[in-house]
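Novice: Sequential numbering from 1 applies to the sequence shown in the numbering used here.
The set of hints was computed from the structure by calculation and includes no laboratory data. Warning: the hint list may mix true and false statements.
[As the list claims (entries may be wrong)] Think about it this way: if two alpha-carbon atoms lie no more than 20 Å apart in a straight line, the pair counts; the simulated EDC-like pairs of lysine to aspartate or glutamate are: (1) Lys166 - Glu70; (2) Lys267 - Glu356; (3) Lys115 - Asp46; (4) Lys132 - Glu214; (5) Lys115 - Asp134; (6) Lys122 - Glu214; (7) Lys290 - Asp46; (8) Lys57 - Glu75; (9) Lys83 - Glu521; (10) Lys485 - Glu214; (11) Lys132 - Glu119; (12) Lys121 - Asp134.
Please read all numbers here as calculations on a predicted model, not as lab measurements.
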Amino acid sequence: MIQELQLRILPEEAVSEQSLKQVVARETGISVPYIHTVRVLKRSIDARQRTIYVNVKLRAFINEQPDEPEFQLVEYKDVSAGKPVVVVGAGPGGLFAALRLIELGLRPIVIERGKNVRERKKDIALISREHKVDGESNYSFGEGGAGAYSDGKLYTRSKKRGSVDKILNVFCQFGASTSILADAHPHIGTDKLPRVIENIREQIIRCGGEVHFETRMDALVIRNGEVVGVETNTGENFLGPVILATGHSARDVYRYLHDRQIPIEAKGIAVGVRLEHPQMLIDQIQYHNKNGRGKYLPAAEYSFVTQAEGRGVYSFCMCPGGFIVPAASGPEQVVVNGMSPSNRGSRWSNSGMVVEIQPEDIINDKRLTVNNEAEETFPELAVLHFQEELERQCWLQGGRRQTAPAQRMVDFTRKKLSYDLPESSYSPGLISSPLHFWMPEFIAGRLSQGFQQFGRSSHGFLTNEAVMIGVETRTSSPVRIVRDKDTLQHITLRGLFPCGEGAGYAGGIVSAGIDGERCAEAVAQFMNP
Numbered sequence: 001m002i003q004e005l006q007l008r009i010l011p012e013e014a015v016s017e018q019s020l021k022q023v024v025a026r027e028t029g030i031s032v033p034y035i036h037t038v039r040v041l042k043r044s045i046d047a048r049q050r051t052i053y054v055n056v057k058l059r060a061f062i063n064e065q066p067d068e069p070e071f072q073l074v075e076y077k078d079v080s081a082g083k084p085v086v087v088v089g090a091g092p093g094g095l096f097a098a099l100r101l102i103e104l105g106l107r108p109i110v111i112e113r114g115k116n117v118r119e120r121k122k123d124i125a126l127i128s129r130e131h132k133v134d135g136e137s138n139y140s141f142g143e144g145g146a147g148a149y150s151d152g153k154l155y156t157r158s159k160k161r162g163s164v165d166k167i168l169n170v171f172c173q174f175g176a177s178t179s180i181l182a183d184a185h186p187h188i189g190t191d192k193l194p195r196v197i198e199n200i201r202e203q204i205i206r207c208g209g210e211v212h213f214e215t216r217m218d219a220l221v222i223r224n225g226e227v228v229g230v231e232t233n234t235g236e237n238f239l240g241p242v243i244l245a246t247g248h249s250a251r252d253v254y255r256y257l258h259d260r261q262i263p264i265e266a267k268g269i270a271v272g273v274r275l276e277h278p279q280m281l282i283d284q285i286q287y288h289n290k291n292g293r294g295k296y297l298p299a300a301e302y303s304f305v306t307q308a309e310g311r312g313v314y315s316f317c318m319c320p321g322g323f324i325v326p327a328a329s330g331p332e333q334v335v336v337n338g339m340s341p342s343n344r345g346s347r348w349s350n351s352g353m354v355v356e357i358q359p360e361d362i363i364n365d366k367r368l369t370v371n372n373e374a375e376e377t378f379p380e381l382a383v384l385h386f387q388e389e390l391e392r393q394c395w396l397q398g399g400r401r402q403t404a405p406a407q408r409m410v411d412f413t414r415k416k417l418s419y420d421l422p423e424s425s426y427s428p429g430l431i432s433s434p435l436h437f438w439m440p441e442f443i444a445g446r447l448s449q450g451f452q453q454f455g456r457s458s459h460g461f462l463t464n465e466a467v468m469i470g471v472e473t474r475t476s477s478p479v480r481i482v483r484d485k486d487t488l489q490h491i492t493l494r495g496l497f498p499c500g501e502g503a504g505y506a507g508g509i510v511s512a513g514i515d516g517e518r519c520a521e522a523v524a525q526f527m528n529p
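Kindly produce the complete structure, drawing on both the sequences and the hints.
Specialist: Below, the structure is given as structure tokens:
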């Protein structure tokens with residue numbers, strides 16, 4: 001017999017399968033020895049009141065063993081004789097596009113400008129240790145994309161639940177914990193995700209696909225108004241329709257498209273800082289307990305959003321028990337991002353705290369441009385230029401190294417320089433800097449208003465124990481590569497399929513994966529109408 005139960009239980013009752021069996025026995029009157037397996041279907045924490053509860057939907061197998069897998073397996077066939085499709089970029093958009101192409105009988109040729117996910121880790125370590133940024137192998141470029149070494153969070157607000165479930169099931173098939181199928185905010189962790197990515201790559205190659213590292217697309221091959229392949233820095237051309245899934249930091253790709261008058265447009269982004277608190281303080285605030293989270297609760301999360309002068313101010317990519325990392329992808333840049341290992345066990349909590357920016361905010365305000373003539377001439381790149389200038393200012397403030405400018409949270413709202421800074425997880429180091437002074441007022445002023453509002457709604461959140469670290473600019477692509485909403489092809493070039501976050505059509509690992517699958521399906525329709 002199988003029974004499904006919806007329960008509201010204490011954290012210590014939800015901690016293990018054995019404790020859940022005890023709850024099922026209590027709720028059903030069936031003795032524990034007859035309850036063979038308990039499978040959690042959905043799980044979330046309700047911390048709105050002083051007594052914390054865990055909402056659990058589960059399936060209990062009574063007097064029988066499960067005869068179904070915990071996740072749905074996808075069958076991948078041999079496509080070594082299939083028609084080739086070039087996939088530019090091995091982030092989530094590109095990898096899920098490649099897997100879906102295999103399902104559809106097409107042969108993916110994946111080219112990735114960076115290194116494989118293991119070799120890439122060595123270059124990332126040099127950023128913190130020696131302040132050296134490899135422009136082709138960093139937190140943004142390389143196998144797995146920006147998500148591989150900056151967290152692996154899988155939460156999305158996408159309404160396409162079937163597609164979301166497919167992406168999560170595929171991750172499980174390649175080694176992710178099945179807990180991601182149940183958790184309200186699923187998370188793989190930076191320590192676990194690289195092996196999952198390697199398993200995906202090995203599947204692509206086993207099926208007859210190709211994966212080429214340190215291979216950068218330098219140009220599209222265009223014949224009679226149709227994209228038929230790519231030219232690369234290695235001198236080798238790869239032929240086939242092109243899924244362009246380069247990620248949001250491939251600025252050279254945006255400039256290449258613009259220089260060749262291939263339509264792109266400026267897109268809104270969000271810009272701000274990484275805000276870091278002691279995790280114990282966030283636990284105390286969110287769980288309403290001076291002792292913090294205790295033995296049975298995970299590191300607490302938060303989410304804030306408000307409006308300031310007509311623009312959104314909100315927390316972004318919250319990393320409980322995490323670290324802040326240097327996410328520059330080129331010279332003269334300081335960019336910060338956040339990540340968490342799977343156990344979320346560090347002493348710190350961080351999130352992006354950002355202000356919504358629309359292209360008109362920059363294009364219409366000459367005070368915000370570093371090169372007014374360039375912005376007036378090329379409005380499509382205005383947001384990109386603004387992003388670059390903020391990152392350069394950060395680099396200058398940090399002493400032309402990966403040292404990041406920082407300021408205590410209350411000092412920022414009071415427009416005071418912080419004469420010392422708290423201990424931080426940001427390993428390249430911090431330098432005290434008046435962010436309130438040199439950041440554009442339309443960002444700094446709104447951030448200050450947002451912080452004060454968040455402090456009123458969550459007592460203790462606005463504190464000088466928290467430190468702001470600049471700058472967070474890579475929240476999404478500053479450019480949209482314009483495509484037809486039905487065919488997903490570029491509006492002027494047949495055979496080119498802009499994909500994922502870098503093209504301006506996704507915002508995270510899962511949504512990029514979904515868009516990768518959609519683009520693969522569009523390519524199949526294009527090749528076999």
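Novice: Could you run down the list of hints and mark each one as holding or not?
Specialist: Going down the list of hints, with the structure as the test:
| no. | hint | in the structure |
| --- | --- | --- |
| 1 | Lys166 - Glu70 | holds, 13 Å |
| 2 | Lys267 - Glu356 | holds, 11 Å |
| 3 | Lys115 - Asp46 | violated, 42 Å |
| 4 | Lys132 - Glu214 | holds, 18 Å |
| 5 | Lys115 - Asp134 | holds, 11 Å |
| 6 | Lys122 - Glu214 | holds, 15 Å |
| 7 | Lys290 - Asp46 | holds, 18 Å |
| 8 | Lys57 - Glu75 | violated, 29 Å |
| 9 | Lys83 - Glu521 | holds, 14 Å |
| 10 | Lys485 - Glu214 | violated, 32 Å |
| 11 | Lys132 - Glu119 | holds, 16 Å |
| 12 | Lys121 - Asp134 | holds, 12 Å |
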